[in-house]
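Per our numbering, residue 10 is the first one in the sequence shown, and the count goes up by one each step.
Worth flagging that the hints you see were computed from the coordinates, not collected in a lab.
Misleading hints may appear alongside valid ones.
Said to hold, decoys possible - Straight-line alpha carbon distances no greater than 20 angstroms define the calculated EDC-like cross-link-like pairs of lysine to aspartate or glutamate that follow:
| id | residue 1 | residue 2 |
| --- | --- | --- |
| 1 | K250 | E220 |
| 2 | K246 | D183 |
| 3 | K91 | D118 |
| 4 | K345 | E407 |
| 5 | K403 | D416 |
| 6 | K91 | E220 |
| 7 | K123 | D48 |
| 8 | K403 | D357 |
| 9 | K415 | D39 |
Being a predicted model, the structure only gives us computed values, none of them experimental.
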Amino acid sequence: MPLLALLAACPGRPQTPRVPPAADATIAIDGSIRGVAGDAAGRFVSVEVDKATTTIRAYRNNAVAWNAPLAGSAGPLAVGDKLLACIVSKRPGADTVRGDPAAAVSAIDIATGKPAWQIVFDSTDWAIASSVAAHRDGFIVGGLFGGTLRARNHVVSSAGGSDGFVARVTATGDIAWLVRTGGAGADGVQGVATSGDRIAIAGTFTSSGAELGGATLAPYDERSPFGDAFAAELDGKGKAKWSQTFGGKADDAVAGVAIDARGNVVVAASVREVVHVGSAQLVTSGQSDGILVWYGERGEQGTAVLVGGLEFDGLRAITAVGDKVIAGGFFSGSIKLADRTLTAGGGDDSFIAAFDHNGTIALAWHVGGDGREELASLASIPGGFVAGVAHTAKASIEQAQLAAPKDPMRGGALVVRGMR
């Protein structure tokens, strides 16, 4: 038998079918983008119409499939099996809510755009929901609050100026559990991510007495009034499995968290001056840099890399696509990403980059133009990612061109890119 025929006849190892890359697309959006999400069938964007009105828009084949209006200011999105969850911020008024603002999670039927249910997270002082992720048949919601927070029949109280919260919401709009994290200072949860049954959270804390599930979060300097960052994993009942912290003498700001296909929990943040991650000490190139920190499945320390140039730079969002993470942020002046040097145009520009678990950049995209460009949100889709970009003037995303918006405060684009 010829060699080629013999090789073809021999049974090989089962091959996992590769998901084809998403088709690149750039869709102009009239309005302020606050969140994006997607699945195999469509793409979704939350647009803030004004301070009291949100529109959720669904795109299929780059055309609008439905619009869903919601009361409140727009926020992040997450796609479940049948429902799309959107965070909105509510002010006292027609709705009976406590606190200013209050947070709410609204669920929408993905197929039709019809509302399914809404849960209000309101407080005696204020409540902000920062992030949402699909989990099992429901969602995980994270945020921060002051005073006493109420969601359905679950109540928690802050230990200081503000605390973080995490809640598991079922597909029917019930609260399975609600937990808080923090201490006497200003604390909060800025990111949640899920993968299968795993739940990762990330945020900031400013008190030496801050805790999560009874375990103390260790600050870099117990006497410092400035915030450090933390990452943690929760089990299905909201109990902490592990937690880790990093920071320095200046304030750190967490942009989000993701779980890659290798099982790593990856935190995106912006840091200044010197930051300590485990035994490593990293020094920023300019006033501020972005940072990505990898943790293993049991919380073991992995890679930590800075992303930035000689000026004020940082990260805004993160998501995972297979074994890579996609992170995006802002920069002024110039920034080097792998073998590319990006130079900002009329103001701050933005960038999106794909990193492997060693912190190496595999791909990078430049978002620039005559004005200011800002990455509003990132989400994974089969074969790639979707991003929400705000821009004030004529802009470009690599070769894709965006016309200047009629209102500089309302320019946006829904950006779809495949991972080749």
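Taking the hints in turn, this is what the structure says about them:
1. K250 with E220: holds (13 angstroms)
2. K246 with D183: holds (14 angstroms)
3. K91 with D118: Given pair K91, D118 holds - Cα atoms ~6 angstroms apart, limit 20 angstroms.
4. K345 with E407: holds (16 angstroms)
5. K403 with D416: holds (12 angstroms)
6. K91 with E220: violated (35 angstroms)
7. K123 with D48: holds (18 angstroms)
8. K403 with D357: holds (13 angstroms)
9. K415 with D39: holds (9 angstroms)
Of the numbered hints listed earlier, the single one contradicted by the structure is hint 6.
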